[in-house]
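A.B. asks: What follows is each chain in one-letter form.
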Amino acid sequence: MQHLKQLQHRFKMLLSGQKDEEASLQVADVGRLFLYQENQTKRLLSSFSHKYKKTHDYLGDVLFKEVVLKYAHDHPMESPCLCAYGKGLNAYITGVGHEIARMEWAMNESLLGFKTQPNLPPVETFSSGEKAYFTLKAGIQLITSYCDLKKIWLNREKTGVLYHEKGVYYFLVAAHAQKSFFIEVSQKDYAFLGLLKLGVLLSIIQKTGKTDMLKKFQNYCTFLS
Amino acid sequence: MDCRKGRSQTLPLSVPGISLKSAHHQQILETKPNVAWFEVHPENLKSGMAFSYVERIRQDYPLSFHSVGLSLGSAVFNEAYLSFLKEMIDRLSPALFSGHVAWNYAEDVYIDDLLPLPYNDESLSVLVENIQKTQDALQRQILIENPSSYISFENASYTECEFVIKAAETSGCGILLDLNNVYVSHKNGGENPKEYIKKMIKSGLVGEIHLGGHEVFKMPSEEVVFLDTHSTRVASPVWDLFDYCLSLSSAPIPVLIEWDQKLPSLEMLLEEAEIGKKLMARYAAPKAVTASF
Chain E
1 MQHLKQLQHR
11 FKMLLSGQKD
21 EEASLQVADV
31 GRLFLYQENQ
41 TKRLLSSFSH
51 KYKKTHDYLG
61 DVLFKEVVLK
71 YAHDHPMESP
81 CLCAYGKGLN
91 AYITGVGHEI
101 ARMEWAMNES
111 LLGFKTQPNL
121 PPVETFSSGE
131 KAYFTLKAGI
141 QLITSYCDLK
151 KIWLNREKTG
161 VLYHEKGVYY
171 FLVAAHAQKS
181 FFIEVSQKDY
191 AFLGLLKLGV
201 LLSIIQKTGK
211 TDMLKKFQNY
221 CTFLS
Chain C
226 MDCRKGRSQT
236 LPLSVPGISL
246 KSAHHQQILE
256 TKPNVAWFEV
266 HPENLKSGMA
276 FSYVERIRQD
286 YPLSFHSVGL
296 SLGSAVFNEA
306 YLSFLKEMID
316 RLSPALFSGH
326 VAWNYAEDVY
336 IDDLLPLPYN
346 DESLSVLVEN
356 IQKTQDALQR
366 QILIENPSSY
376 ISFENASYTE
386 CEFVIKAAET
396 SGCGILLDLN
406 NVYVSHKNGG
416 ENPKEYIKKM
426 IKSGLVGEIH
436 LGGHEVFKMP
446 SEEVVFLDTH
456 STRVASPVWD
466 LFDYCLSLSS
476 APIPVLIEWD
486 QKLPSLEMLL
496 EEAEIGKKLM
506 ARYAAPKAVT
516 ASF
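Protein chains in written order, with our numbering: chain E, 1 to 225; chain C, 226 to 518.
Calculated from the structure, these hints are not laboratory results. Treat the hints loosely; a few may be bogus.
Claimed, not checked - With a straight-line cut-off of 20 Å between C-alpha atoms, the simulated SDA-like cross-links for lysine to any residue are:
1. K5(E) / K419(C)
2. K87(E) / L63(E)
3. K443(C) / Y36(E)
4. K487(C) / L35(E)
5. K419(C) / K358(C)
6. K487(C) / C83(E)
7. K197(E) / G273(C)
8. K443(C) / K179(E)
9. K487(C) / T41(E)
10. K115(E) / K487(C)
11. K87(E) / G273(C)
12. K179(E) / H250(C)
13. K246(C) / K65(E)
14. K502(C) / K487(C)
15. K65(E) / D337(C)
16. K412(C) / D29(E)
17. K115(E) / D315(C)
18. K19(E) / M444(C)
19. K53(E) / E109(E)
20. K115(E) / G273(C)
21. K115(E) / A362(C)
22. K246(C) / S47(E)
23. K42(E) / D74(E)
24. K271(C) / S79(E)
25. K12(E) / E332(C)
26. K5(E) / D337(C)
27. K53(E) / L33(E)
28. K19(E) / P76(E)
29. K271(C) / C83(E)
30. K5(E) / F378(C)
31. K412(C) / L33(E)
32. K443(C) / K5(E)
33. K42(E) / L488(C)
34. K419(C) / I282(C)
35. K115(E) / M444(C)
36. K115(E) / R316(C)
Looking at chain E on its own, in the form it has when it is part of the complex:
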């Protein structure tokens, strides 16, 4: 097993860019090792472009490739499940691109975390139970951004017309019918949804006098079910 272990180590090093490992692999067709390196990069870019389509559009091919390769170098895949690989790419991007990537990963996480479950019951059915509580459906994300990401998304077809208005924007990210999406919510709703995400007891919501929010929550339930 020792030889195979060494060979796999060398192959792995070769794929990470250490070309001097070629000779040590003892293959008859050294020139074709290029195919594995090429394939590795193509697959990586294809996978990231799928998850970070908007980020790719925003950065362009050259910069996107540079960012993805740097990310992959620093964060090798620890699981064979490619759909869950790519968290934190935004750390390699600055400005608006950082915010776009952050939103895209939240959208991906809403797909990853999605769980089939019965529709949440209407608010009224909870009203008598002291220990009744609400939680948002699995996979739902809440994020804030200083970018008006909604405008950026709506203008996705218009190259070079990306709006960037400084401010704080609040978003709820969810998945439905295989698609992930986000909606802008008010600061007040965002705070309330944050409580729901934590699984806040109904009695506490009532005590805090936020019962007016329940109706709104019911609307979110309908929207997200």
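For chain E, the structure is supplied; the task is to place chain C on it using the hints.
C.D. replies: Chain C only, in chain E's frame:
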């Protein structure tokens, strides 16, 4: 050993199944197309959304699992990953489970590719041990797929065909015979494809056949290499090999049309399955036969 025994589910044997891809999930649920069965990569089920769709599709169609992350050829095997695969098997009950004669895991890191093994005793021993661990953990017999080859190691002591058969015989698993891989490897300097297929069928270990597309790539050195991309229709020479394979088979074997990249419409995949069905009909004596797994 007949690798198609020991399971309680059935796959239709007169029509090829097709790859199940997320882009087609909604259409399949809405239109309920006439598909014999679907192949799923369990690695994609890590996504809760994908799982929820596959779970619903499973209600109407049989499934097979084809793992691309098992890495049966790894010198250090990731046994922990088997628990995820077992969970998915328990929840979706696929009729078949297969992996590759390849590796993509080393030193706690995965590589998104299927990398080659030197065909020698050391690799054989590693592969057999990992197959047995997998079969023990999953509590079922698995199939191993012959790889597509672009390179050959200088210290090989078996041909690929010998290596795959020996691994299956020693470990007690079956073989998934990928005819496109046989063709691609042959074009890249590998074995005679008909001899390869004859030996495989003769072994009695083939429990599934894969048909897929490939592309021709020109290297910077101008050398032309055939790549197993699963991104095109099944090529004419591969259909010919399928015809040859069917002519040798004494019993029907599940067949799958594989397509992973540059995904076409569901209709095109069904067209490919229809071509396969017509070929299979020529050799199927009782056409409605189904096997017990």
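A.B. asks: Please flag the earlier hints that this structure goes against, numbers listed from lowest up.
C.D. replies: Going through the list in order, the structure violates hints 1, 5, 8, 10, 13, 14, 21, 27, 32, 34 and 35 and respects the others.
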